[in-house]
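*Asks:* Residue numbers (my numbering), protein chains in the order written: chain A, 1 to 267; chain B, 1001 to 1292; chain C, 2001 to 2325.
In case anyone wonders, no lab produced these hints; they're calculated from the structure.
Positions of the beta carbon are idealized from the N, C-alpha and C atoms, including for glycine.
A hint or two may mislead.
BS3-like mimics (lysine-lysine), calculated; alpha carbons at most 30 Å apart, straight line [as the list claims (entries may be wrong)]:
| # | chain 1 | residue 1 | chain 2 | residue 2 |
| --- | --- | --- | --- | --- |
| 1 | A | Lys-9 | A | Lys-84 |
| 2 | C | Lys-2127 | A | Lys-120 |
| 3 | A | Lys-232 | A | Lys-253 |
| 4 | B | Lys-1231 | C | Lys-2085 |
| 5 | A | Lys-84 | C | Lys-2127 |
| 6 | A | Lys-84 | A | Lys-174 |
In silico negatives: residues of chain C with every beta carbon more than 12 Å from chain A [stated by the list, open to error]:
| # | residue |
| --- | --- |
| 7 | Ile-2021 |
| 8 | Met-2029 |
| 9 | Asp-2032 |
| 10 | Val-2060 |
| 11 | Gly-2062 |
| 12 | Leu-2072 |
| 13 | Ser-2074 |
| 14 | Asp-2079 |
| 15 | Arg-2131 |
| 16 | Trp-2165 |
| 17 | Asp-2173 |
| 18 | Ser-2187 |
| 19 | Ala-2287 |
| 20 | Ala-2302 |
| 21 | Val-2313 |
To give an idea of the chain C side of the interface with chain A (calculated C-beta under 8 Å), a few residues [said to hold, decoys possible]:
| # | residue |
| --- | --- |
| 22 | Gly-2129 |
| 23 | Glu-2221 |
| 24 | Val-2225 |
| 25 | Ala-2229 |
| 26 | Lys-2230 |
| 27 | Gly-2231 |
| 28 | Tyr-2241 |
| 29 | Asp-2319 |
| 30 | Pro-2320 |
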Amino acid sequence: MSEPLLSVKNLTIDYIGDETDFRAVDNVSFDVAPGEVFGLAGESGCGKSTIAFAISRLHRPPALIRTGSEILLDGRDVLDLDQKELAAFRWREVAMVFQSAMNSLNPVLRVEAQFYDVLKTHLGMTKVQARERTAEMLRLVDINPDRMRDYPHQFSGGMRQRIVIAICLALGPKLVVMDEPTTALDVVVQREILQRINELRRKLGFSVLFITHDLGLMVQFCDRIGIMLGGKLVEQNTAQAIYRTPQHDYTKKLWASFPSLHGGVLA
Amino acid sequence: MKTLLRNRKALVGLAIIATIAILAIAAPLLTEYNPAARTGRPHQAPSMDHILGTTRIGQDVFARVLYGARTSLMVGFGAGLLITLVGTVLGIVAGYRGGKTDEVISFFTNMVLVVPNLPLLLVLAAFIGQASPVVIALILGATSWAWGARVTRAETLSVKQKDFVKSAEMMGERQWRIMAFEIFPNVISIVGINFIGSVIFAIITQATLEFLGLGDPRAISWGNMLFAAQKASALSVGAWWEILTPCFALAFLGIGMSLLNFAVDEIANPRLRTGNRLGRWSLLVRNGEGRL
Amino acid sequence: MAFLFRRLAFYLAAFLAAATINFFLPRLMPGDPIQLMFSSAGAELPPESLEALKLTFGFVDGPLWKQYLTYLGSIFTGDLGRSIKYFPLPVTSVLGHALIWTLVLMGTATVISFILGTWLGVMAAWKRGSRFDVIVSVTSIFATSVPAVVTSLIVLFVFGFTLDWFPNGYAADPSLDPAFTLQYIASVAYHGVLPMVTLCTVLIGGFTVTMRNNMINLLGEDYIVMARAKGLSDRRVMLWYAARNALLPTVSSLAIAIGTILGGSLVTEVVFNYPGLGNVLYQAILARDYPVIQGQLLIMTATMLVANFIVDVSYVLLDPRLKAA
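Generate the whole structure from the sequences, applying the supplied hints.
*Replies:* See below:
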């Protein structure tokens, strides 16, 4: 494997409680290579979203990333960035697609404005330049650029998620973190979105950290997969290996809960 | 209840209310004066004889504030109960029954919400004449239920969709039983917030109505003390004790009730809680054990 | 647009309800309603004036519905009868004059405390758990839980009587003639300070708490997290993503709060002897001047409805989802 793009080392995250703490992520390490799709699977509450948040440093108190954890992106420790560096780092290097397609866009701002604030903050674009870029990005995800002056509620769930993806790619990030990007969507739309992401990834060359509880979906989409249980990474291997020869009991159990998908086609 | 007792705001609030209640109950033990009787010279400053001074007609302020607490608490809790009862019943019925019933109840609820409450109470009280504390509690109950009905209805609408309600319906349970035994226990936190809010509202409004001269002046209550003091121009003649005593009593009770209100709010809505963990969090960060 | 028309129809119904209460209340009381309503005038009222008053309030021969229509007729032609205490002044002019003072006082206080309270709420929610948040939250709790009567009296006692920084009553120096002169306006401002401070103290806590809670409930929303992930500045996320959206429920709670604001304003005026509606009303209550007491309900209701309508309109302007509907 070449030099990794993202390298998470000994990541430990606690949620501080009134008396005792809850360890959400327990000494997790994994790498994501450039252009690779890495999947994190596990049931809800296993800590996979907590990891996603940590990569862009989005946590708020009472979450606490324990000393000794490292999150290296291109060799630079994200946890050491100061506020200014962090602002520049976010979205430019790591962009994120969040769980619910319905709620990721601000309901009271026009779509255009939600592109513009990214383009202005990071690239200092004027409104006219931003509009051009927005049109280009919307075309990329097959949304009519004429609709950039609409509000989010005027789009369907699938379209909203495509808009979010377009915003994600607007700065050409190296890594896109996708936290259950399709859970709120129906199966057909789900497929369509994932295919779209795959095409764009081939074209633009970014890496993806893909998080879901749906192992079947993940095997079709990812190069390598890590399985999480209770904050720990219990197994990581290529998608093929996870599918054909799962090692950990928990992985086998997860597969047992998807009987219908087991005969599914692999990409 | 246990969570309530672990909340610091709730504890302080309860302690304040309990103190006032104990003082009110123990009033005859704490003062020898009859609160209605003339027991000294007019407008005497606080002294050993009258620890909070006397009113313009020579009543003992300390005795009046102690006995007045009884009225405030009784009207507050009585009217609060009434307001909550009406609001909860209407809210649950409207939310659960839906359809025409809901339309009618919601229409009246919204109507009552846009007719300003105090002016309405003023008209009612003015026609009733000198309203005794009991009458004030009754008209508060009759006019102030709308907010509670609205929030209870909203909560009922979401509880109604839950499986246990559906299964009760499938089993052919009667509507009133579903409302009383399936819905009600599940909207109880809203009912609790409504109750505490209503008690605060009732205490404030009773004092206000009496202060404006709509109460029965013979009743011994904090609102009437303010009314009498205002009429006697107590501040202008320097008899501050006559005005400040009921003021502080009301403020104290109000703060106690509000602390309880906020505590219940926090418990019902965990996102609002801050608690101890943020303190522990900052300590850990300062000690270099972690960061964000 | 359809939304606003529906609201207008509803407000008309609400106003009608207030009028109906006015109509039936004296008739439901034990005894003779005419006697009840006008007895406080004693023998001073000239007989022809009494007849006119009876007509205005629907005390005409005939069935109840005819009386009711007569009463509604007078209301909708703007005839609220004559004040008994200030006879022969019509109720509308007694209340109308006072209403201006009330609106000035209440309006200014509402705007100031809404802006300030909302801002404090935004900051407290943003710095949640910080010392700033704790101080703001606790102070708000105290400020909202103390009745307006009590706050007014304490402010009057401290700043009016004890420190003697500000006048203890009236809206302006009584020796000045009301006019648009600098001197008069300065006097009005000077006299307005204490009632204004009181009202703001009473109101601000409520706005702060509402905004803080709305903000905190929003901060977990995906679009807020996404805005932060986008690398936007804290300020931009706080104002354009969190506060902008938290403002919506705050504005709608403002509509309900207007009733409370009116109530607080009435009481404050009584304490500060301010010539607004509250004071006129206080005098009317002491004199059992029923036409004025009834008239205030209608005028207050109308004020409340207008304010509600303004809130509705601004809600539509703030929330694009409503514009489409």
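*Asks:* What hints, given by number in increasing order, does this structure fail?
*Replies:* none
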